[in-house]
Amino acid sequence: MLTINLIREKKEFIIERLKVKNFEAEEIINRILALDSSRREIQSKTDLMQAEMNRISKEVGSLMKDGKRDEAEAAKGKTYSLKEDIKSLSDKLIPIDNDLKNEIIRLPNLPHESVAPGHGADDNVKVREGGVMPLLYDSALPHWDLIKKYDIIDFDLGIKLTGAGFPVYLGKGAKLQRALISFFLDEGEKAGYREVMPPIMVNEESGFGTGQLPDKEGQMYHATIDNFYLIPTAEVPVTNIYRDVILNADMLPFKNIAYTPCFRREAGSWGAHVRGLNRLHQFDKVEIVQIAHPDHSYKSLENMVSHVEGLVSKLDLPYRILRLCGGDMSFTSALTYDFEVWSAAQKRWLEVSSVSNFESFQANRLKCRFKEKGDKQTRLVHTLNGSALALPRIVAAILENNQTESGIKIPSVLIPYTGFDMIN
RNA sequence: GGAGAGAUGGCAGAGUGGUCGAAUGCGGCGGUCUCGAAAACCGUUGUUCGCCUUCCGGCGAACCGGGGGUUCGAAUCCCCCUCUCUCCGCCA
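Using numbering that gives the first Met the number 0, you'd call the opening residue of the first sequence number 0 and step up by one each time.
Everything labelled a hint here was simulated from the structure, so no lab data went into it. One or more of the hints may lead you astray.
DSS-like, lysine-lysine: derived pairs with alpha carbons at most 30 Å apart [claimed, not checked]: (1) K10 x K215; (2) K313 x K298; (3) K313 x K148.
As the structure is a prediction and not an experimental result, all values here were calculated from the model.
The task is simple: from the sequences and hints, build the whole structure.
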């Protein structure tokens with residue numbers, strides 16, 4: 000969420016910037032500013048009355064000690080009406096605080112200055128592309144047929160065990176998953192990331208910290224008996240490691256990498272283009288998360304983009320990098336690069352990674368702050384994350400792009416991990 | 001699942017109704033000493049909100065797991081909730 004200070008100081012600027020995300024902020028901001036000023040007015044008044052109250056109470060105490068009972072009683076008498084006034088004023092403050100918080104939470108993050116306006120995928124800006132698109136032979140198959148042909152992923156079995164969108168990986172299919180996870184983690188470690196294996200269920204506070212709650216409640220699986228949520232991405236537990244802390248500036252940036260299964264209900268989003276591995280309820284992903292100094296967070300973002308680019312290049316997948324336009328960006332992001340790989344049999348680009356700088360938007364929710372050495376004041380950190388990488392669509396692309404009449408070739412960087420070079 | 005104990009500052013740990021934002025120790029930071037370091041000694045050390053201050057900062061309020069209550073006054077007393085630990089049971 001945006002900070003109240005920024006809203007107070009840069010109202011017009013915020014309204015302008017949010018237009019890039021096609022968000023009309025003026026009305027909300029006016030409400031926020033009105034709530035904020037009445038909040039401050041009440042705060043000032045109650046502070047004064049409370050100070051008076053404290054003064055009298057101390058007086059009563061010392062009078063009692065001196066044995067001046069009558070004077071103490073007289074002083075007590077002065078507090079009764081004061082006490083009521085404080086109570087009624089501070090009761091007014093509670094709904095104002097709540098309303099204020101609820102309004103502020105509705106404002107999306109400001110897009111970075113480099114973000115282009117736009118309404119959807121067509122307005123995204125292609126930054127660069129790489130790799131070579133394969134030319135497939137005539138009888139080439141989409142991945143949902145390939146997985147049956149080679150018996151490496153079974154959707155029907157998943158339906159039996161759980162339901163649609165929960166595939167079962169078998170034999171070389173399962174081994175390929177494990178190989179990709181290990182490859183991604185090892186590459187991350189080489190790039191200076193610390194490996195983390197977090198819980199894959201989180202509590203409500205964590206869900207709020209990264210912005211999944213309250214807005215996207217319906218997108219997460221909810222274990223209601225214990226009120227835990229299955230994570231939709233490792234971003235949630237890993238970023239929440241830094242919830243409610245004050246860090247030293249010289250420790251930044253923190254670079255963590257985590258493999259987790261991810262769970263998404265994807266309520267209402269099933270339809271065209273979601274066959275096979277394109278969209279699942281449970282899938283595997285390796286995520287990179289950075290906690291960065293605000294002065295250097297865009298440097299971190301560039302590093303993360305290069306890291307992910309290195310991964311898709313090493314896997315020999317044709318890819319392109321897009322800078323998302325305002326209309327296609329998430330609520331919480333300031334700048335997002337999407338990575339897409341070419342799926343040769345589907346003849347489509349598939350999104351495999353989304354790398355974002357959230358600036359202080361998540362940090363403000365998380366209360367993740369830092370201090371410069373010798374400095375008294377705290378500042379909010381910047382948080383960033385990106386997939387490095389999500390498995391299913393990578394698998395889809397590998398299967399489709401690398402198919403030959405005699406089987407599917409495993410990218411050479413993965414062979415040490417799989418122990419085989421062909422699926423056949 | 002059963003029984004019990006507990007939750008205090010970065011950590012450990014005192015504090016059972018009044019100058020307690022909180023002793024003490026450790027850690028951190030600054031200094032003295034030293035060629036330098038260690039030790040020793042001295043000083044300093046939380047967060048949030050509001051008001052004032054062009055900076056440095058000053059004043060006030062709140063915060064001792066969370067919420068409510070009693071009281072002139074609550075870390076301390078009462079109620080509710082959450083969480084943690086120990087023992088027993090079960091168990092990869």
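With a cut-off of 30 Å on the C-alpha distance, tell me whether K313 and K298 pass. 23 Å, holds
So if I understand the rule, the pair passes when the alpha-carbon distance is 30 Å or less; does K313 with K148 pass? At roughly 26 Å apart (the allowed maximum being 30 Å), K148 and K313 satisfy the hint.
Satisfaction of hint between K215 and K10, Cα-Cα up to 30 Å: 27 Å, holds
Against the hints set out earlier in the document, no violation occurs for any number.
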